[in-house]
Every structure is written in C-alpha cells, then in structure tokens.
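A.B. asks: The residues making up each chain are set out below.
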Amino acid sequence: MTALHGDINAGLRKRVATLGKPRKATYIVLAIFVLGSLFPFYWSFLVASRDNGMLTERIPPFVPGGNFFANAARVFDTVPFWKALANSIIVSGTVTLTTVLFSSLAGFAFAKLRFRGRNGLFVFIVVTLAVPTQLGIIPLFIAMSELGWAGHLQAVIVPNLVTAFGVFWMRQYTVDALPYELIEAARVDGCSMIRIFWNVCLPAVRPAAAILAMFTFMMSWNDFLWPLVVLDAGNPTVQVALEKLQSGYYVDYSLVLAGTTLATIPILIVFVLLGRQIVAGIMQGAVKG
Amino acid sequence: MTVIDKIAPEGSKAGERVSPRPTFRHRLSRWDVKVSPYLYVAPFFIVFGIVGLFPLLYTAYVSLFKWKAGDDNPDFIGLDNYKDLFGDSQFWNALTNTISIFLLSSVPQLIIAMMLAALLGARLRGATGWRVGILLPYAASLVSIGIIFANLFGPKYGLINGVLQTIGLDPIDWQASRFGSHVAIAIMVNWRWTGYNALIVLAAMQAIPKELHEAALIDGAGMWRRFFNVTLPLLKPTLIFVTITSTIGGLQIFTEPKLFDAMPGSNNGGSSNQFQTVTLYLYQSAFENYSLGYASAIAWVLFLIIILIALVNFFLTGKLTRTPAVKVKKK
Amino acid sequence: MRTIRNGLVLALGITMTALGATACNGGGGDQQTPAAAAPNEHVDLTLATFTEFGYEALIPEYERLHPNIKITPRKTGEGGPYHQDLITKLAAGSGLADVAAVEEGHLSDVLDKGSKFNDLSKIGPADASPDRWLGWKYDAAKTKDGKLIGYGTDIGPLAMCYRKDLFQAADLPTDPEQVKSLFATWDSYFAAGANYAAKTHKAWFDSASQNFNAMVNQLPEGYINTDDKLALESNQGIKDAWTKVTDAVAKGESAKLVAFSNEWNSGFKQGAFATKVCPSWMLGVIKEQAGPDNANKWAVTAAFPGGGGNWGGSYLTVPTQSKHPKEAAELAAWLTAPEQQVKAFQAKGNFPSQVKALTDPALLSETNAYFGNAKVGELFAEQAKKVQKPQYKGPGDGQIQENAASPALQAVEQGKPAADAWTQMVEAAKKITR
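Keeping their order, the protein sequence lines are chains S, E and B.
Every letter in the first sequence is one number past the one before it in this note's numbering, and letter 24, counting from 1, is 24.
Every letter in the second sequence is one number past the one before it in this note's numbering, and letter 215, counting from 1, is 215.
Every letter in the third sequence is one number past the one before it in this note's numbering, and letter 280, counting from 1, is 280.
Hints were generated in silico from the structure; no laboratory data involved.
Hints are not guaranteed to be accurate.
Mimicking EDC-like on lysine to aspartate or glutamate, the simulated pairs with C-alpha atoms at most 16 angstroms apart in a straight line are [what the hints assert, rightly or not]: (1) 269(B) <-> 184(S); (2) 269(B) <-> 146(S); (3) 14(S) <-> 173(E); (4) 244(S) <-> 339(B); (5) 416(B) <-> 219(E).
From the derived model, a few chain B residues whose C-beta atoms are all more than 10 angstroms from chain S [as the list claims (entries may be wrong)]: (6) 67; (7) 72; (8) 76.
Here are the in silico distance ranges between beta carbons for each label pair [stated by the list, open to error]: (9) 179(E) <-> 388(B): 41 to 47 angstroms; (10) 347(B) <-> 154(S): 42 to 48 angstroms; (11) 38(S) <-> 35(E): 26 to 32 angstroms; (12) 195(S) <-> 96(E): 49 to 55 angstroms; (13) 292(B) <-> 78(S): 51 to 57 angstroms; (14) 39(S) <-> 96(E): 20 to 26 angstroms.
Note that the structure is a prediction, hence the values are computed from the model and not measured.
Here a beta-carbon is modelled for each residue, glycine too, at the ideal position from N, C-alpha and C.
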C-alpha cells in the first residue's frame with residue numbers, strides 16, 4: 001500500500017476510499033430479489049395460519065390467520081416430530097461437519113500439495129458428479145442390506161460423509177485463496193502438514209467452508225426418498241415424518257405447510273450462523289505485507 | 001487432463017528441501033509430506049468405495065440385460081438396450097427438451113448470479129441478512145414451490161395468464177405449449193438456483209485482495225475493465241466450478257419439470273412429453289415401467305453426454321477468463 | 001492408494017454377493033409351505049401402508065389378542081413414494097414389510113411378479129375364504145396360474161355426483177331419483193352433456209380421462225388380453241369409448257382440468273363442471289375442495305352410466321421376503337375381516353370390500369351432511385354390487401391408463417386432433433408393453 005501514497009490526487013483517493021461502498025440502487029435491487037425469495041415462506045406461513053380454503057381463493061388474503069399454533073399442535077399429534085428432529089440434527093450435523101472437514105482436507109491436497117496421481121484422481125472425482133443419481137437407490141439399498149446398515153442412521157450418514165461436490169468446490173476455492181508463500185513460511189517454521197492445514201489453510205478458506213456447510217446441511221436436511229426407503233419406520237428424519245401429513249385422498253395443506261414451516265426453522269438458524277462466516281478471508285491482511 | 005495443470009500453479013517445493021544430514025525429524029517430515037496428501041484425499045475414495053462404486057458397476061451390468069425389476073433370470077442381451085435407445089424417438093425428444101431447458105435456465109442464471117454477487121460484495125449494512133435472503137429459495141419446501149408455481153402458471157386460473165389477459169394479450173397454455181413449458185420450468189429453475197450460484201461467486205470474490213482493485217483503479221481502469229481484467233481472471237477456478245456443476249445439474253434436471261406437470265407425480269413431462277427430460281424418462285422407465293435394464297442404459301448414455309458437454313463448457317470458460325490480468329503483482 | 005484398492009475390493013465383493021443374491025435368490029416360484037413359528041415364540045411383523053388405511057386402533061387390538069406378536073407399522077403418506085419404495089425393495093431382494101399394501105392401479109404389475117408374493121389361499125387362515133369378499137374384488141388379486149397374492153381391503157364403487165344449482169339453471173331435474181335417467185348409459189350421459197354445453201356454454205364434466213377410464217374398465221377385455229398381449233388397437237370397445245369421449249370434448253363438454261391438479265381443485269370451487277365420476281372417496285375430496293360456500297349444492301345419486309364400476313382400493317400382500325409368512329398372512333386376514341374393515345370405515349371412511357361389511361348397520365346408516373344428508377353408506381353398498389366380473393389386468397395395464405391413455409386425452413383437451421392423439425396413445429402403450 002505504501003507505494004500508492006503520495007502520487008495520487010485527491011479525487012482518485014476519494015474513489016479508492018469509496019470502492020465497494022453500496023449505492024441506494026444496490027439495496028433496491030437486492031430487496032426485490034430477497035422479497036421474491038421470501039415469498040414462498042411467507043405464503044407457506046399464511047396457509048399454515050389459516051385453512052385449506054385459502055388455496056382455492058381467487059385473491060388470497062395477505063395477513064396471517066390465527067390457526068398457526070393449532071395447526072402446529074396437530075403436526076405434533078400426528079407425527080413423532082421431536083424424535084424426527086433429533087434424528088435429522090444428528091444426521092445433518094454429522095454429515096455437515098465431516099463433509100466440510102474432509103472436503104477441505106482433500107481440497108487442500110489437490111490444490112496445493114504435489115503427489116503422484118493428483119490430476120487423475122481429481123478428474124475422477126469431478127467425473128463422478130456426472131453420474132445420474134435416480135437409479136442408484138436400488139444398488140445402494142442392496143449394499144446397505146449386505147452391510148447390515150439398512151434401518152440404521154449410518155445408512156443415511158455414510159453415503160454423504162464427503163461429497164465430490166464438496167471436494168471440487170474446496171479445491172477450486174483453495175487454489176487462489178491460499179498463497180504458496182504462507183505454506184512455505186509455515187514449513188520454514190517447522191509446521192507439520194496437518195498443522196498447516198489447520199492453522200493456515202482452514203482460516204483462509206473459511207468463506208468457502210461456510211458456504212459448503214450451508215449447502216450440505218440443507219441437502220441433508222431436505223433429503224427425502226433415500227431416508228424413506230432405508231430407515232426403519234420408528235426412526236424417521238424430519239422430511240420422512242412430515243410426508244405422512246400428506247395422506248388421504250385430499251391433502252390438508254394448512255397442516256402440511258405448518259409442518260414444513262416448523263422444519264424450516266433449523267435451516268434458517270444454520271443459515272444465519274454460517275452466513276456470518278462469509279466474510280473476506282484473513283488473506284486480505286496476509287498478502288498486504 | 002493436462003488442463004488441470006493449467007489451473008493449478010506450480011506446486012510448492014517447500015517440502016522437498018532436503019537437508020544434507022537427514023535427522024529423524026527430517027525423515028518424519030519427509031514422510032509427512034509424502035503421505036499426507038493421500039491421507040487427505042482418502043476419505044472420499046473410501047466412501048466412494050463403500051457406496052458409490054457398486055451402484056456404478058451395478059447399473060453398467062444391469063444395462064446389458066432385459067431386466068425387469070424383480071426378475072429372477074433376466075436375459076443377457078448385450079448392447080441391445082443401447083441400440084434401442086439410439087432408435088428411441090422419446091429419448092431424443094427428452095434430450096432436446098433437456099438441452100432447451102438447460103440453455104433457457106443456466107445462461108440467464110449465471111449472468112444474474114454474477115451480478116448479484118457483485119452487489120452482495122459491496123460493504124452492505126446487514127450483510128448476513130442479504131446473503132441468507134438470497135439463498136432462501138434453495139431452502140423452500142417442494143410442496144410450497146409446487147403449489148405456488150402451479151398458481152402462477154395455471155392455464156385457466158393462473159396469475160400470469162390473468163395479467164396477460166388484463167393487459168390485452170392472449171393467455172399462454174403453459175402446460176400444452178412446448179416452448180412455453182420450457183420457459184416456465186426455466187423460470188422455476190432460475191428462481192431456485194440463482195441465489196445459490198450468487199453465493200458461490202460471492203465467496204470467490206471475497207478472496208480477491210482489495211488492493212488489486214485499488215491498484216487497478218489508480219491505473220485508471222473503469223468498472224468494466226476492472227471486472228474483466230481483475231475480477232474475471234481471478235474468479236476462473238470458481239467459474240469453472242460453477243459452469244461444470246451447473247452443466248451437470250442442468251442436464252440432470254428432474255425436480256422442477258416433475259413439479260410443473262399438472263398431473264401430480266407424473267413423469268410424462270406433459271400430455272405429449274413436451275417437457276419430459278432425460279432423467280424423468282429414466283425414472284419412468286425404472287420405477288413405472290420396471291425396466292431396470294433400459295433405465296440403466298439411459299443413465300449411462302446421459303452420463304457420457306454430460307461429460308461431453310461439461311468438457312465443452314470447461315474449455316469455453318477457460319477461453320472467456322483468459323483475458324490477461326492487470327500487471328499488478330500479488331505481493 | 002491402498003485405501004482405494006481396498007475400497008475397490010470391498011465394492012467388488014459387495015457387487016458379487018449382491019448380484020448373486022438378486023439374480024439367483026428366489027429361483028423357486030413354488031415355495032414350500034413355510035414353517036410357522038412355535039405357538040408362543042415372539043414374532044416381529046412389519047406392516048407397510050400408505051395414505052389412510054384406518055388401522056391405527058386395530059394394531060394394538062391385534063397385539064392384545066396375540067401377545068407374542070409385535071407389529072411395527074410403516075406408513076407412507078402418498079402412494080407415489082410408497083410404491084417406489086416397494087419396487088426398490090422388490091428389485092433389491094430385501095427390505096419389504098411382512099405385510100405390504102398394494103394399490104389397485106399397481107396390482108397388474110404386482111401380479112406380473114407373482115412369484116415374489118405368497119399364495120394366500122395356501123398359507124392364509126381358513127376363515128379368509130373367497131366368499132368373504134365381493135367376487136370381483138377377490139378374483140382381481142389372482143394370478144393367471146390361480147395364486148391369490150392379496151386380501152382385499154377397501155374399494156371405491158362408482159356413482160355420479162352433480163351440481164344441483166347448475167342443473168336447475170339448465171332446466172334439468174335435480175332430484176337424485178329423477179337424474180338417474182340421464183346417467184343410464186354413456187350415450188345418454190354424453191347426450192345430456194351436449195345439450196347442457198350447448199345451452200349454458202359451460203362444461204359438463206371435469207376431465208375426459210375420468211370418464212374414459214371408467215368406460216374402459218367396464219369392457220369385457222381391457223388394454224391387455226388374456227395372453228398378456230397388447231390388444232388396444234383390435235379392441236373395438238376401447239375405440240368406441242375413445243370416439244364417444246373425444247366427441248364430447250369437441251362439443252365443449254369437458255372442463256379440461258387435469259384430475260388432481262391445482263386447477264382441478266379450483267374447478268370445484270369455481271363450479272367449472274356440473275357432473276363428476278364419483279367413487280365413494282371422492283365425496284371427501286369434493287367437500288374439501290368446493291368448501292363450505294358450496295355446501296348442499298353437490299348431490300350424489302345411485303346411478304352410473306353403463307352399470308357400475310370401481311376406482312381405487314387396495315390389497316394386503318405377504319411378500320416371499322417375509323420371514324414369518326404364516327403369521328403375516330394371519331394378520332392380513334384379520335385386518336381384512338368384515339368386523340375390522342367396518343372399524344376402518346368408521347375411522348377413515350375406507351369403503352369395505354367384504355360382503356358382510358356391506359350389510360353392517362354402521363355402514364348402512366352412514367349419511368353425508370355436505371351432500372344433503374344423502375344415505376351414502378347404503379348408496380355405495382348398492383353401487384358396489386353393480387360391478388361386473390373383473391376385467392383381466394395384464395402387465396402394464398395400470399401404466400397404460402396413467403401414461404398412455406390419460407396424457408393422450410389431455411392432449412386432445414389441449415387441442416391435439418383426436419386421430420393424432422389416438423396414435424400417440426397406441427405408440428406409448430406399445431412402448432410400455434415392449
């Protein structure tokens with residue numbers, strides 16, 4: 001930075017200072033997008049707070065009714081919500097932690113370490129992403145039965161312990177976000193590889209790890225068909241439990257959407273907690289040097 | 001794949017500085033450098049070995065049989081399923097639909113995502129709120145999405161046709177029209193996935209040192225030049241990621257066309273398959289028609305098509321981002 | 001790299017054993033009479049159902065009667081994911097419940113896999129004899145070689161529902177007895193519809209496929225003949241039904257609403273059609289979708305064009321995967337006994353398929369306030385007896401209805417020429433039965 005001082009005129013300095021400062025228009029555009037994003041949630045809540053009749057109204061009402069807690073209570077009466085919630089937290093929590101950890105490790109190795117077969121293995125991982133997943137459920141169920149895992153939570157956890165998506169993403173991010181100079185400096189200080197990963201790499205890739213955590217938690221939380229097929233009836237995840245609300249020849253959407261609204265709350269909490277981590281990485285300071 | 005070498009800068013030589021008298025510490029350290037990378041990538045391959053490999057081999061094996069679900073002794077028919085597939089007009093129709101929906105969705109989606117990322121990258125008040133807000137569609141329940149989009153695009157009572165008629169235009173039968181249905185599905189896809197891609201690009205933008213922008217500004221570069229000369233080249237690895245994952249996701253498009261069909265739960269993709277995608281056809285073959293062999297052949301052919309198109313997009317992205325960076329050193 | 005190789009070896013090991021298991025497992029179609037568990041040995045049974053079977057209170061009752069038996073219910077909400085789960089486990093060769101429900105529409109495919117299910121006429125208890133059920137319901141679950149693979153649970157006998165206010169506005173009779181003549185045959189039904197449409201410029205029925213399915217089901221032979229060959233093109237009855245329905249569409253009789261779609265739901269409230277093919281369970285759908293504003297506008301009558309018909313209902317099967325087939329068959333037989341199905345009817349409104357249940361006072365006295373206190377129990381019991389002998393449902397029959405006929409009629413309603421749509425249906429049916 002020091003090199004920049006002195007020879008720049010005042011106007012330019014002002015422009016540099018305002019670089020990245022948002023204009024009003026920025027807020028307006030973003031607000032439009034966020035409103036569009038929020039709409040289904042508000043709409044779900046509206047239905048959940050009223051009754052089914054709202055769905056066939058030509059002009060639906062825009063203020064919530066007073067039935068939300070009654071509908072929520074019916075959800076708790078109909079499905080083992082707390083048990084399912086606990087299962088989902090265990091599954092999604094475990095899967096998120098391991099995916100972020102293992103993907104970051106593999107991403108670090110693929111991006112910054114040299115080893116024989118590196119490119120080949122990496123391309124292989126990316127290629128596995130292209131395999132259509134719809135059919136996998138049958139052989140996967142066979143495999144889980146053979147392993148004796150069918151019916152148990154590990155049948156839902158193990159397939160997602162680390163994903164090709166996660167490895168690919170962390171590798172792409174680490175390539176530019178982690179300068180070699182930092183690794184070298186740590187080597188000179190006598191750091192082991194794992195320490196370099198933990199103390200240098202992880203802080204540098206924090207935003208990417210946060211995003212991966214959000215995506216992974218979300219995917220795992222909303223997964224439905226595989227848990228339905230492989231888990232025992234008494235041991236459901238939230239989505240499997242909530243699906244039972246859609247039974248009968250007509251669906252009571254005020255009940256169903258009360259359930260989905262409840263099930264969305266943990267996602268929102270996770271999003272807010274992790275969203276804070278998407279900040280400029282420590283590299284901003286590190287490369288200033 | 002030499003292309004990967006082009007993305008990755010020369011590897012670190014740090015670990016290979018051999019000291020003249022190898023002490024135990026040094027040997028340990030060399031061993032650490034040699035073995036660690038394999039340990040770090042091992043979890044993926046272990047998990048893949050347990051749960052990924054077998055399904056792959058299974059579908060390859062099954063695709064060589066006339067195999068109906070539950071058959072005890074299916075007939076081996078070699079490559080006949082693949083031969084049938086190439087003569088199957090429904091498959092080509094589904095492939096055309098898939099590519100049409102893919103183009104209608106991913107191109108605008110990625111452009112808007114880049115724009116949103118740039119907006120979100122500003123020093124916003126309440127930054128977390130905006131970011132979470134933009135990602136919300138990704139978390140919406142499929143039940144609510146299904147009903148809301150059905151209300152929007154309903155041919156008779158839908159909101160959009162209501163608006164069209166109010167302003168004196170002809171209503172569009174979003175279900176019946178092939179192109180109309182593709183547009184509607186693309187809108188659904190974009191609504192769900194733009195924020196997701198924006199956040200990915202945002203994270204990568206955050207990693208670009210601010211000094212580079214400042215330096216470029218001082219060199220007199222305007223907004224667009226800064227974007228093309230600083231931002232874009234440094235986003236290259238992320239853009240490659242976004243392009244490849246969107247290509248894969250787009251060509252495997254399944255949930256949105258299924259939700260869009262007026263016939264609930266249908267895999268037909270409309271009354272005359274006008275918006276049936278390849279994965280819907282695959283799914284229908286396996287789980288409605290019980291034809292596991294044929295469905296497996298579809299899965300493998302789709303896999304190869306995706307690889308092909310992903311490669312093309314990979315090179316296109318490389319071309320697009322090869323603009324030389326401003327001559328500012330990182331250090 | 002060693003881990004990779006180990007992974008490969010492991011995966012291959014699984015591949016071999018699993019492929020071996022699925023390919024060679026159930027070679028014997030005629031299973032030996034399975035050994036029953038010792039009288040008081042503890043037995044765990046799983047019971048898989050979808051939507052509402054009304055068995056919630058019956059399960060603990062059965063466990064009280066049989067202290068050595070523990071039942072784990074496995075209930076899925078929607079039929080779609082339920083049947084996908086069923087196919088997955090059928091294909092995987094393991095994981096199916098001891099007692100697994102199968103919906104009528106999927107029955108033809110399940111019958112085609114008859115070797116995967118136990119013959120209940122052999123292993124079931126003696127009281128579950130053919131005369132327990134309506135003949136057509138019982139016979140529909142028999143494979144071609146005479147195995148009984150499922151006990152009937154409920155049915156959906158067909159009647160006609162109509163809007164009294166819309167009838168009145170069109171100068172049609174509104175009394176349930178007087179409208180019967182309109183619904184005597186399909187010709188009289190469509191003729192009345194043509195007059196109605198010409199007079200009011202409004203639709204007579206909701207969707208062409210709703211009528212067409214019922215018409216095809218009344219024919220002596222369906223899409224598939226008894227040799228399991230596609231007989232769609234040579235079946236004059238199907239061709240006639242097609243012509244009648246598409247003519248009716250051309251005359252503006254159809255509201256062109258896809259059944260169970262969002263717009264179809266709205267159609268009830270909008271009064272978009274005046275009549276509706278009405279299985280017993282449809283009354284609940286109409287009440288829910290038309291809403292309180294339209295109470296007493298809908299009526300139901302004990303008539304159906306061309307005689308009678310059935311739409312919906314299920315069976316309980318015992319897959320050969322079950323380790324306790326005898327106990328499972330006993331449970332299935334008990335659940336489908338008249339006494340229990342009457343309780344299920346009282347709990348969830350599932351209309352029973354058992355002869356004795358159809359004369360039960362609890363059923364006969366059932367009325368429906370939304371439909372002007374019509375005696376719906378008696379009405380649908382009467383309709384159930386009008387169903388002729390069941391049509392043979394060959395493999396793929398259910399799929400042809402869902403994925404060939406219904407979409408083709410939807411295409412007609414969207415403006416496709418009827419002749420082109422016919423070709424489309426035939427092509428799709430050929431592909432399904434390939």
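A.B. asks: Determine whether the non-interface label on residue 76(B) survives the test: each CB of chain S must be over 10 angstroms from its CB.
C.D. replies: It is violated; residue 76(B) is separated from chain S by about 7 angstroms at its closest Cβ, not greater than 10 angstroms.
A.B. asks: Holds or violated: are the alpha carbons of residue 416(B) and residue 219(E) at most 16 angstroms from each other?
C.D. replies: 64 angstroms, violated
A.B. asks: Regarding the pair residue 269(B) and residue 146(S), is the alpha-carbon distance no greater than 16 angstroms?
C.D. replies: Judged against 16 angstroms, a Cα distance of about 52 angstroms means the pair is violated.
A.B. asks: Looking only at beta-carbon atoms, does the pair residue 39(S), residue 96(E) fall within the given range of 20 to 26 angstroms?
C.D. replies: 32 angstroms, violated
A.B. asks: Tell me if the beta carbons of residue 38(S) and residue 35(E) are separated by a distance inside 26 to 32 angstroms.
C.D. replies: Once the Cβ atoms are compared, 49 angstroms apart, the range 26 to 32 angstroms for residue 35(E) and residue 38(S) is violated.
A.B. asks: Is the nearest CB of chain S more than 10 angstroms from the CB of residue 67(B)?
C.D. replies: 20 angstroms, holds
A.B. asks: Is residue 269(B) within 16 angstroms of residue 184(S), Cα to Cα?
C.D. replies: 72 angstroms, violated
A.B. asks: Honestly, do residue 179(E) and residue 388(B) meet the 41 to 47 angstroms range at C-beta?
C.D. replies: 46 angstroms, holds
A.B. asks: Does the no-contact call for residue 72(B) survive, Cβ to all of chain S over 10 angstroms?
C.D. replies: 6 angstroms, violated
A.B. asks: Sort out whether residue 339(B) lies within 16 angstroms of residue 244(S), counting only the CA atoms.
C.D. replies: 26 angstroms, violated
A.B. asks: Has the given pair, residue 14(S) with residue 173(E), been kept, meaning a C-alpha gap of at most 16 angstroms?
C.D. replies: 54 angstroms, violated
A.B. asks: Do the Cβ positions of residue 347(B) and residue 154(S) conform to the proposed distance bound of 42 to 48 angstroms?
C.D. replies: 37 angstroms, violated
Violation of the numbered hints given earlier is confined to hints 1, 2, 3, 4, 5, 7, 8, 10, 11, 13 and 14; the remaining hints are satisfied by the structure.
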